[in-house]
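Since each chain comes alone in its own frame, lean on the hints to assemble the complex.
If you're matching them up, the sequences are chains U and B in order. When the count follows the numbering used here, it moves up by one through the first sequence with no breaks and lands on 115 for the last residue. When the count follows the numbering used here, it moves up by one through the second sequence with no breaks and lands on 229 for the last residue.
Keep in mind that a hint or two might mislead.
Footprint (simulated), chain U over chain B, 3 or more residues, beta carbon under 8 Å [claimed, not checked]:
1) 156-164
2) 216-229
Derived pair list, reagent style DSS-like, types lysine-lysine, alpha-carbon separation capped at 30 Å [said to hold, decoys possible]:
3) K41/U with K192/B
4) K64/U with K14/U
5) K175/B with K192/B
6) K221/B with K41/U
Worth flagging that the hints you see were computed from the coordinates, not collected in a lab. We put the beta carbon where it would ideally sit given N, CA and C, even for glycine.
The residues making up each chain are set out below.
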Amino acid sequence: GAVVSQHPSRVICKSGTSVKIECRSLDFQATTMFWYRQFPKQSLMLMATSNEGSKATYEQGVEKDKFLINHASLTLSTLTVTSAHPEDSSFYICSARDVSNSPLHFGNGTRLTVT
Amino acid sequence: GDSVTQMEGPVTLSEEAFLTINCTYTATGYPSLFWYVQYPGEGLQLLLKATKADDKGSNKGFEATYRKETTSFHLEKGSVQVSDSAVYFCALSERDSGYSTLTFGKGTMLLVSP
Chain U
1 GAVVSQHPSR VICKSGTSVK IECRSLDFQA TTMFWYRQFP KQSLMLMATS NEGSKATYEQ
61 GVEKDKFLIN HASLTLSTLT VTSAHPEDSS FYICSARDVS NSPLHFGNGT RLTVT
Chain B
116 GDSVTQMEGP VTLSEEAFLT INCTYTATGY PSLFWYVQYP GEGLQLLLKA TKADDKGSNK
176 GFEATYRKET TSFHLEKGSV QVSDSAVYFC ALSERDSGYS TLTFGKGTML LVSP
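Bound-form chain B, shown alone (with noise of 0.2 Å):
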């Protein structure tokens, strides 16, 4: 079955470092990929999304490439700020589920200090 792996947390920064967040899946269609933000106390928010191979989706100063032949989509920001501390979810859903339903990674808690 499809799965995602995401590197765990909690991964620290200090402020304006650089992130990088991996992402890996496997998948037995043609997925779309996601990634989904969660800040304390609040639901999870659509962050950013790339429907196919070398797609990228961006979206508040992060980024991240679907990469169909490493099978992976890892998470970048060039500079990360405080207010970016959150847990980050990676996931799939595949084209034959009607993009119905979503396949997560265990998420990856990001803490930024000033």
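If we strip away everything but chain U, and leave its shape as in the complex, we get (with noise of 0.2 Å):
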């Protein structure tokens, strides 16, 4: 079945550096790609939208100069906290689907901890 790989699956970075996280459809291509994050005890919040070739779409209240989502390719979307600070500490997971309406396929997602 289709498979979607995220990396690294655990980070920790310093306060004031950035991480970039690679979520790749090893076995498909995914015109549109979803990143969320999950706090602690919280529900799964949908940042962003990530569009092939075009610019993310992101969710209300999501800053897209922190999280910069590029698209590059049908089989990769990556994420990247720059100036990554404590508060950022957090799990984010992706998702993509292959064909419309079908269903999403998830990644393993990726635990950033900044110290």
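The structure is reproduced here in structure tokens:
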């Protein structure tokens, strides 16, 4: 079945540095990928919708300059957390679908800890 | 806006016990409803779904019925196994969004002991 690979699974970085998270669709092409964030004991919150070849669409309250999304190809989307701060520590997860209205396939998530 | 409320966990059961995880929703339109499961160290996987009222989704012994009158989509399993230990997320997707985005509940952790 369709597989979404997310890398890295865990990352620890110092405050002020930037971190890039990759989301790859391994055996299908994904024109659209989604990025979610989950705080402890909270829901997964949609951050942005990543469209191949165009700018991402951010949800209200998500800083586009802080969370840079690039969807340069049909199999890769990246999320870069710029100038990370401890409050950015969270679980980030991506998803993608291969055709319209098919189920979403999720990556395994990335645990970001900013010290 | 749309929202999903599910019971807080963890839910702790013995093997072969009956499972119910409650889920209720609010939506402006006519959503599709989903249950996702996240096993330890893995990503979310679709467990089952229902797209219209009175539909029953089922998979791996789990069932959930789309109840429009009570805006609920409770997850049930007659006899749980240790391998069912995971976090379960209830979610909805609006038709108006082209079913492109999901609104999730907070997740309910299930712990099944032998």
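Tell me, which hint numbers fail for this structure?
none
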